[in-house]
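K.L.:
Sequence:
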Amino acid sequence: MLCKYCDQIFHSPTLSGPHHPDAASSTAAASSGCYICQPMLHDRSQHGNSLDGSWSYRIYNNHGYTQVILDHQRDDPQLQESTPFCYTLIAVPSAITPFNPAPRFRNPSVRLRDASTAVESWMKTCQNEHACAQNFQTEYHPSQLLDVSRGSIVRLITPLETGINEPYAALSLKLPTSVEGEWYSTAEALRTTDVRITDLPAAIGEVVTLLLSLGINYIWIEQLCRGPEDQPDYINNEHEKLRLYSNAALTIAVSTPEDPVQSVFSHSPATSHVQLLPFQVTNVMGVISEGCMSSNMNDDDNNTPSSNLTIIPWAYLSQTLQQQHISVTIQTRLATPRLLTISPYATEVFWECACLNPASETLPAGILSFIPSSLLAGVERFPHRDTSLPADAGWSALLEFWYRVVDEHTATLAGGVERMHSEKMLAGVEWVADEVGERMKVIQISENEGEAIAEQEEAAVYLAGHFWGSIPLSLGWRVGGSDFGNSGRANRSDRVPSWSWASVQGRRVFSPLGLSVRDDQRCLAEKVGYRRDSPEGAITMLSLRTFVLDAQLIGGGGHRVKVTGLEGERYWVEVEWDGEDEEGPSALRLAVLVENEWLRQWSGLVLREVPGDDGSFRRVGYFMLNTVQGEEGCREEKWKTDFRRAAGGCKEVANLV
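Numbered according to my numbering, the sequence shown spans residues 54 to 710.
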């Protein structure tokens, strides 16, 4: 419902009067459950500020959407904050962004029985109306599953031995590190005896109960279902992990509270929670409809434009739907046909499937197509919700998809609270890159489009290279905020090679820049081969053939680098270190990735030889070898000739570990 003051925003012919004249009227409206006033005042109080004063509103009509901004004005002008408080709503024609109130929780105090009913409805809708893989009679099952068919007892089984052919669900948990020991104990107990559901952490017990209501009796949980050598399946065989998610009838991603005994569903009264959810306003007229409705509505058979608006609180975009980050692997979202996300801090259980991209059953057409890029920037941006790899897409669409995935999974989360989980995320990026790369390879390019287009396709395939067995350009990641007081490699995993972005933990990593459509950039490196630690294991060494320059790290506090054969001030080197270089002045190698003729620049990897392993190098930074612009003697091709002469005139093989 909307209070009379909020209702006038959508049904008044003119902008007149305040939104709320005083604190009493706005407080009364919030208490009555007004869709706008209740979350607005809650948001205001969360900032620790007084609710006294009046509210005014502004309306901005843009192409495709309208912003409604509510401004708070304190009674005492001397108490005004330096930054005025405002509450923003995004209004979109419902013909563009349909609103479906039925299959979602209008009450954000979600209870387990409510979730079970809703998920059952969503599952039936997806089975009957969507083209997603059914997976209800799959022939594939992971090596171990939890059998909950007895209702109150959980036991660990081996599907190959028991011969089951029933559907299973995959549960992806994000757990605090403080409870890892407890989970290990539970896993050990399951190896020798059955465990009661009530003895499991509350989050698991609730998910088991939910799945039983759907008729699913088998569950795979990464922390409890172990493969050979007591290791999770994702370490043993990444392709097995892909098959696991893609064959699951349903994947559930759960972010548990800090205390694992707490429920992920609410048991408190509905009135104790604030509604921060989209809603719909019908029969809109007046100022708000002039720009938004007239330019965006689809006419019906009577040439009468629809007059309904879908209203989305701006905070909903950044606070609610970003729970996507609790999915610990990319496969959890992109490989599974259906994903249910549950968070104790969220206002609704969020449903996705491969046919809702990016969307939920609440907003089945998605909400990103109309939002301009300016509203998607910054740490509070609404993330792109890819739920599947692009089908039948050109190489440019695939490349754009690849960039989104790399950007999403190589950067730290908003506010720097969480860091990359190197092995899991790296394995996920590897899988995506394999899929994208294979699709790019089959794209046929017409001969009359010229060699330049073919080179662009080749560059796109390079960029789709993954970070274990990568192709050169994808190696050009860079570490942000480098400083020698905070080593980027302090917590480096020995499993991750130095040339992978995942070897740097605790710092933001920027994805490599792609080649532009201009002809002044090209990749000089080529992949020779790689070596795995086992036939199905991770790649430990990558061999590149490229120009390699000898360089010297000069001490004296500046960490300056000098390139052998390029003395003088005509050329200089910039180095961005991945972390604190623990060694003193010594020899370095510069392996070139990209040549930029416009900038007259070579750029690539700073390498240091591995002691005791002749011919192997580890990455320690990223370099840019620059030319003084406009310098006599550096024009035409001389700079390039000098660079190549310093590299010995030919390419050589560098083994990266």
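By construction, these hints were calculated from the structure, which means they are not laboratory data. Glycine is no exception: its CB is placed at the ideal position from the N, C-alpha and C atoms. Hints may contain errors.
[To be verified] No farther apart than 30 Å at their CA atoms in a straight line, the calculated lysine-lysine pairs in the DSSO-like style are these:
id	residue 1	residue 2
1	Lys177	Lys57
2	Lys704	Lys691
3	Lys691	Lys580
4	Lys615	Lys704
5	Lys580	Lys704
6	Lys615	Lys580
7	Lys615	Lys693
8	Lys693	Lys704
9	Lys693	Lys580
[Stated by the list, open to error] Cβ-Cβ distance ranges computed for the label pairs, FRET-style:
id	residue 1	residue 2	range
10	Asp247	Leu104	50 to 56 Å
11	Ile206	Glu662	38 to 44 Å
12	Met594	Trp625	30 to 36 Å
K.L.:
Hints first: check each against the structure and report whether it holds.
P.N.:
Taking the hints in turn, this is what the structure says about them:
1. Of the supplied pair hints, the one linking Lys177 and Lys57 is violated, its CA atoms being roughly 39 Å apart against a limit of 30 Å.
2. Only pairs whose Cα atoms come within 30 Å are accepted, and Lys704 paired with Lys691 is accepted, the gap being roughly 18 Å.
3. For the given pair, Lys691 sits about 28 Å from Lys580 by alpha-carbon distance, which is consistent with the 30 Å threshold.
4. The hinted pair formed by Lys615 and Lys704 meets the criterion: a straight-line CA distance of about 20 Å does not exceed 30 Å.
5. For the given pair, Lys580 sits about 12 Å from Lys704 by alpha-carbon distance, which is consistent with the 30 Å threshold.
6. Restraint check for Lys615 and Lys580: the C-alpha separation of about 27 Å stays at or below 30 Å, so the hint holds.
7. Note on Lys615 and Lys693: the hinted pairing holds, with a Cα-Cα distance of about 18 Å set against a maximum of 30 Å.
8. Between the alpha carbons of Lys693 and Lys704 the distance comes to roughly 14 Å, so the proposed pair stays at or under 30 Å and holds.
9. Of the pairs offered as hints, the one joining Lys693 and Lys580 holds, with about 22 Å between alpha carbons and a cut-off of 30 Å not exceeded.
10. In this structure, Asp247 and Leu104 meet the distance hint of 50 to 56 Å, their C-beta atoms being roughly 54 Å apart.
11. In this structure the hint that Ile206 and Glu662 lie 38 to 44 Å apart at CB is violated, the actual value being about 58 Å.
12. Distance hint for Met594 and Trp625: a CB-CB separation of about 32 Å, consistent with the stated range 30 to 36 Å.
Going down the numbered hints, you'll see the structure goes against 1, 11, while the others check out.
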